[in-house]
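Q: So you can see what is in the structure, the chains are spelled out below.
2 protein chains.
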Amino acid sequence: MIKKFIDEESGKIVEKSVMNAITIDCVIFGFDNGSLEVLLIEHAEGISKGKWGLPGGWIKKEESIDNAAYRLLRELTGIKDLYLEQLRAFGEPSRFPLDRVITIGYYALIKKDMFNIKAGFTASDAKWYGLNEVENLIYDHNKILEYSLIRLRSKVKRAPIGFNLLPEKFTLLQLMQLYEEILGVQLDKPNFRRKILKMKLLVVLEEKQTNVSHRAAKLYMFDKERYEMLTNKGFIFEV
Amino acid sequence: MIKKFIDEESGKIVEKSVMNAITIDCVIFGFDNGSLEVLLIEHAEGISKGKWGLPGGWIKKEESIDNAAYRLLRELTGIKDLYLEQLRAFGEPSRFPLDRVITIGYYALIKKDMFNIKAGFTASDAKWYGLNEVENLIYDHNKILEYSLIRLRSKVKRAPIGFNLLPEKFTLLQLMQLYEEILGVQLDKPNFRRKILKMKLLVVLEEKQTNVSHRAAKLYMFDKERYEMLTNKGFIFEV
DNA sequence: GCAAAAGTGTTTTGATTACACCCATGG
DNA sequence: CCATGGGTGTAATCAAAACACTTTTGC
Numbered sequence: 001m002i003k004k005f006i007d008e009e010s011g012k013i014v015e016k017s018v019m020n021a022i023t024i025d026c027v028i029f030g031f032d033n034g035s036l037e038v039l040l041i042e043h044a045e046g047i048s049k050g051k052w053g054l055p056g057g058w059i060k061k062e063e064s065i066d067n068a069a070y071r072l073l074r075e076l077t078g079i080k081d082l083y084l085e086q087l088r089a090f091g092e093p094s095r096f097p098l099d100r101v102i103t104i105g106y107y108a109l110i111k112k113d114m115f116n117i118k119a120g121f122t123a124s125d126a127k128w129y130g131l132n133e134v135e136n137l138i139y140d141h142n143k144i145l146e147y148s149l150i151r152l153r154s155k156v157k158r159a160p161i162g163f164n165l166l167p168e169k170f171t172l173l174q175l176m177q178l179y180e181e182i183l184g185v186q187l188d189k190p191n192f193r194r195k196i197l198k199m200k201l202l203v204v205l206e207e208k209q210t211n212v213s214h215r216a217a218k219l220y221m222f223d224k225e226r227y228e229m230l231t232n233k234g235f236i237f238e239v
Numbered sequence: 001m002i003k004k005f006i007d008e009e010s011g012k013i014v015e016k017s018v019m020n021a022i023t024i025d026c027v028i029f030g031f032d033n034g035s036l037e038v039l040l041i042e043h044a045e046g047i048s049k050g051k052w053g054l055p056g057g058w059i060k061k062e063e064s065i066d067n068a069a070y071r072l073l074r075e076l077t078g079i080k081d082l083y084l085e086q087l088r089a090f091g092e093p094s095r096f097p098l099d100r101v102i103t104i105g106y107y108a109l110i111k112k113d114m115f116n117i118k119a120g121f122t123a124s125d126a127k128w129y130g131l132n133e134v135e136n137l138i139y140d141h142n143k144i145l146e147y148s149l150i151r152l153r154s155k156v157k158r159a160p161i162g163f164n165l166l167p168e169k170f171t172l173l174q175l176m177q178l179y180e181e182i183l184g185v186q187l188d189k190p191n192f193r194r195k196i197l198k199m200k201l202l203v204v205l206e207e208k209q210t211n212v213s214h215r216a217a218k219l220y221m222f223d224k225e226r227y228e229m230l231t232n233k234g235f236i237f238e239v
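Protein chains in written order, with the UniProt record's numbering: chain A, 1 to 239; chain B, 1 to 239.
Please keep in mind that the hints were generated in silico from the structure rather than gathered at the bench. Don't take every hint at face value.
A pair holds if it fits inside one copy or across any two, identical chains being indistinguishable in the list.
[Unchecked claim] Here are the simulated lysine-lysine pairs, BS3-like style, with alpha carbons at most 25 angstroms apart:
hint : residue 1 : residue 2
1    : K169      : K3
2    : K111      : K80
3    : K169      : K224
4    : K143      : K61
Since we're looking at a predicted model, the values are computed, not measured.
Please work from the sequences and hints to get the whole structure.
A: Quick look at the structure:
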């Protein structure tokens, strides 16, 4: 099967051979005003025209599935620095009405402040949805979204991937609210502070919040090197 | 693409249409004499003839990928009652030398005492290997096996799937050795007892061990109903 | 000074760990 | 009677949870 692509270097339209009957669909998470959101696409072509669904696409013959997912996200958001992880394959025979198509689900975490949507030629419109605003999506995309949430909740307890949803510099309250939102729990501020600081994954900055009508909070950054060091030693992260 | 299958009801050979360029590969774990083992297949056809690899096969057009994995396991082992879980899709372009083929990895846990190998027509021989005995497998099967181990280790801490590797009736020491083997750690017997019993997932039986040259241990069974009840309430299992 | 969030301190509770020790059984 | 694993008890340590309290800032 042959599909058209925009070449990333030259910008020209090129034709490429893609895998048959296998696609990629991606749940993109963002975090804004204390709420977790997903990026959905209004499909512009085919039988699903006008309906909303997860962004997705085809796998080129010569690219790995991880690279295909990266490419699709770049095409849509322009972001190169994001967290990406495969969920699993979804392969009910009835999931795609016209033909037997298996899809490989991914989820991505992006810093929303780095982001602007580049609507591609298979997406007429893209929009952020709060998790409770999401209604009926095309095919089995609700199921993929549901599964991605389970996975995100479980993963966020074991590795500090939450930082990928926050801006470079953030306050401890922002971080706590992120965890509260993802895990759907209420956390105790003093206890959260102590716990997260004890992990030594954060670097305190000189900077503080500005223009807030209360005591300004210190800003922190995630210390990736320290994290790598700790994970290599078999470190476990739990909030 | 058309492949030959043995119809499970009539026993006759039938031709079925299968998915192109997508396969299933399965890591089958068993537990014997305190050691974790995997079932490997000596491939009898194609370019991988004579080499060992994971059991796998094609996905029929009309069956779901989970069902395809179940069917393959039934064809190979005859066992209907086993634990099966998808790992993820493996899709490096170079993983299969002749063509671009994406595979969906699964892992299964079986009770070895229920089991006898039914060598199918795509497998000339099947053999259990201890984890350290496994050498170079075909394609990316070492990678799939490695990943399945990571997954098994992580899963076994959060859900009592280990029982699927033990006989119906077992002693606490057997169970502890299973955890020690899977997790690669030494556990303290008294502490393990208390912890596992406090979870209330085990039923004590009247029976005891026989013919042992030490005090006979009580036999236990896993209480599946109790487990379902606890999981529904958001129960977490950690050893 | 008041509201609102930042940030510190302290007590209680419960789980984890480490290890000493007694029990039952076959050879 | 001794080796082997079955099984119980307990003290020490550590993390989690609950919550009272002080600090800083804008209005």
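Q: All hints are to be evaluated individually against the structure, with a verdict given for each.
A: Hints, one by one, checked against the model:
For a Cα distance limit of 25 angstroms, the shortest separation of K169 from K3 qualifies neither inside one copy, at 41 angstroms, nor across copies, at 57 angstroms. With identical chains, the CA atoms of K111 and K80 are at most 25 angstroms apart within one copy only, with a shortest distance of 11 angstroms there and 46 angstroms across copies. For the identical chains of this complex, K169 and K224 are intra-copy neighbours only, at 13 angstroms inside a copy versus 47 angstroms across copies, given an alpha-carbon limit of 25 angstroms. Taking the shortest alpha-carbon separations for K143 and K61, only the inter-copy value of 21 angstroms comes in at or below 25 angstroms, while the best intra-copy value is 27 angstroms.
This entry does not satisfy hint 1, going by the numbered hints stated previously; all others are met.
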